[in-house]
Amino acid sequence: MVLIFVVLIPVLMMLIYSFLTKEFRGGVIWEFSLDAYDQFFCSRGLFGDEPCSIEWTYINIFWRSIWQAGAATLLSLVIGFPTAYFIATRPERVRPVWVFLITIPYWVNLLIRTVSMKFMLRDNGPLNDMLLATGIIDDPLRIVNTNFAVQLGLFYSYLPFMVLPIYASVERYNFALSEAAADLYASKWVTLRRILIPAVKPGVIAGCILVFVPSLGSFLAPDLLGGAKNFMIGSLIEEQFKGNAGNWPFGAAASMILLTAVLIILVIFARQQARAQKAVS
Amino acid sequence: MARRGYDIKRFTGFLPMTILCIVILYAPLVIVTVYSFNDSQSITNWEGISLRWYVDVFTGPESEKFKLAAWNSFTIAIIAAGTATTLSTLAATSVIRGGQFRLRMLSLGLISMPLMVPEIVTAVATLIFFNSIGFTRGYLTILVAHIAFCIPFAYMPIAARMQGIEDTFEQAALDLYATKRQAFTKILLPMMMPGIISGFLLAFIISLDDFIITNFVKGAGVETLPTAIFGAVKQGIKPNIMAISTMLLGVSILMVTISYFVSKKDELG
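For the record, the sequence lines run as chains A and B. The working numbering numbers the first residue of the first sequence as 1 and each following residue consecutively. The working numbering numbers the first residue of the second sequence as 1001 and each following residue consecutively.
Since the hints were made in silico from the structure, they are not lab data. Bear in mind that the values here come from a model prediction, so they are computed numbers and not experimental data. Among these hints, one or two may not hold up.
Subject to a maximum C-alpha distance of 25 Å in a straight line, what follows is the list of computed SDA-like cross-link-like pairs (lysine to any residue) [said to hold, decoys possible]:
1. A:K242 - B:Y1139
2. A:K242 - B:K1065
3. B:K1234 - A:D129
4. A:K188 - B:M1017
5. B:K1264 - A:A168
6. B:K1264 - A:L101
7. B:K1009 - A:I205
8. A:K188 - B:I1019
9. B:K1234 - A:R122
10. A:K201 - A:T191
11. B:K1067 - A:W107
12. A:K201 - B:L1015
13. B:K1009 - A:F100
14. B:K1234 - A:G246
15. A:K242 - B:W1071
16. B:K1238 - A:R122
17. A:K188 - B:R1010
18. B:K1264 - A:R95
19. A:K201 - B:M1017
Use the sequences and the hints to build the structure in full.
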């Protein structure tokens, strides 16, 4: 019971705050207002007296966050799936060692990892030095402060979350099924695509969610690697509470919108998982 | 298998991908560690090995700031992890031993919720909560927030351990005229110890590492190591930051390794 209060009351307070009036430079005035949501969705012209037309600034930031998180998820899937598969097909004794290797970076401070990434990707950083020295490129790549840098940062931050659930489901997979398919003259890749991947799909989806959700609201990677131009929703929220904007109700409203999006994703996911469970049994 | 002439489990290209994965995960960390020993003012040129930036961290112009931040970070981490572990142990005992199935699932869902929601949302909710009850932001708000978000991380390994212990052990103790309290402290608690230790260590790292929530709930002037590092990095990455980062990195890896071996040793025994 205590738990319900600890988790739900702050969220409820956040919801209430998003409907209050902002106080100049932080805090709220206890007066009902829809200003925060109005500001997010509506454009009312230069003097604020025109009827509501769609305000694209924040919707675009939200859309960019989805796009960036999606790209990071795809990137982690491309690298993470083969890795998870490879680990799951090692001898049972060495598997925990591989898993441990994958988990260690997750426990290292996210801030330090992001700073390390920035250090490595700098214009005159080690990555560019290496590429220049080997003659692959003639001019240093400008990666920091691009969308791509943010995608790399997010990918790097949450890669272990992709590997672990996929590993868990491949490990449980019964390879006799693949054998059977191969006996029926299925090629290796067909076996992978038609038999194994459908069987481990719950793990793949779980991995994608675990990368996508934290990426969506992340603050450090876009802030440190993306610079001012590659704003994501996390930075927008931070700006309202810590930065110069100082508009708490707007920050609370943006958080509620983010939370709602995440909860929708999680509900869809939970229903899919339930259906997959039913299909198996 | 031989009759097909190939191994159905093996795919060419998966090993290189795995190696790539490991390289990506570790390269930035290794590079920062290496460069933290660089004997150069600039972060670009390599001028030989030295410990000067480590000396700088402890005695340099910014050392006071970092020492205070480190003190805050470690005291908060120890108190928060300790409290979260104690609460989780009690919660796990009552929920798993006493609770009905539905209650168990509900509490599991609620406990894992902070793990599923983006951290920034938790940070906003926590800040607003403190604000609405009139809690002045400072050391204490950081501590309370850390205790709260450490609980899921402490709870998971403890509950997992607890589930593996049959209640016959306590039953036996009770049959032999142990009091309930004795059955708990003498039988259950020692058996749960590996879970409790790894729960504590994980909570400790999570607290030590947190930036987002701390950044929101800290008052002006109170810094932990991550917020101090973030503030410094905003002005550009300096060599002393790399030295601090390397030390923090070492602490985290040490903790995880201990936690790993505690749980592993237990499986063997």
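Checked hints:
1. Proximity of K242 of chain A to Y1139 of chain B is assessed by CA-CA distance (about 17 Å); at most 25 Å being required, the pair is judged to hold.
2. Taken as a hint, the K242 of chain A and K1065 of chain B pair is honoured in the structure, with Cα atoms around 21 Å apart against an allowance of 25 Å.
3. Restraint check for K1234 of chain B and D129 of chain A: the C-alpha separation of about 23 Å stays at or below 25 Å, so the hint holds.
4. With a CA separation close to 18 Å, the supplied pair K188 of chain A and M1017 of chain B stays within the 25 Å bound.
5. Between K1264 of chain B and A168 of chain A the alpha-carbon distance is near 18 Å, which keeps this suggested pair within the 25 Å criterion.
6. At roughly 15 Å between alpha-carbon atoms, K1264 of chain B and L101 of chain A fall within 25 Å of each other, so this suggested pair holds.
7. Simply put, K1009 of chain B and I205 of chain A have alpha-carbon atoms about 22 Å apart, close enough for the 25 Å limit, and the pair holds.
8. With a C-alpha separation of about 22 Å, the suggested pairing of K188 of chain A with I1019 of chain B holds against the 25 Å cut-off.
9. Using a Cα cut-off of 25 Å, the hinted pair K1234 of chain B and R122 of chain A holds, with the two alpha carbons roughly 14 Å apart.
10. Between K201 of chain A and T191 of chain A the alpha-carbon distance is near 14 Å, which keeps this suggested pair within the 25 Å criterion.
11. Only pairs whose Cα atoms come within 25 Å are accepted, and K1067 of chain B paired with W107 of chain A is accepted, the gap being roughly 23 Å.
12. For the suggested pair K201 of chain A and L1015 of chain B, the alpha carbons sit about 21 Å apart, so the restraint of at most 25 Å is met.
13. Simply put, K1009 of chain B and F100 of chain A have alpha-carbon atoms about 22 Å apart, close enough for the 25 Å limit, and the pair holds.
14. For the hint linking K1234 of chain B to G246 of chain A, the alpha-carbon distance of about 20 Å falls within 25 Å, and the restraint holds.
15. Distance hint between K242 of chain A and W1071 of chain B is fulfilled; the C-alpha atoms sit about 24 Å from each other, no more than 25 Å.
16. As the CA atoms of K1238 of chain B and R122 of chain A are separated by approximately 13 Å, the hinted pair is consistent with the 25 Å bound.
17. For a cut-off of 25 Å, the pair hint linking K188 of chain A to R1010 of chain B stands: about 9 Å separates their Cα positions.
18. For the hint linking K1264 of chain B to R95 of chain A, the alpha-carbon distance of about 13 Å falls within 25 Å, and the restraint holds.
19. The hinted pair formed by K201 of chain A and M1017 of chain B meets the criterion: a straight-line CA distance of about 20 Å does not exceed 25 Å.
Checked against the numbered hints above, the structure violates none of them.
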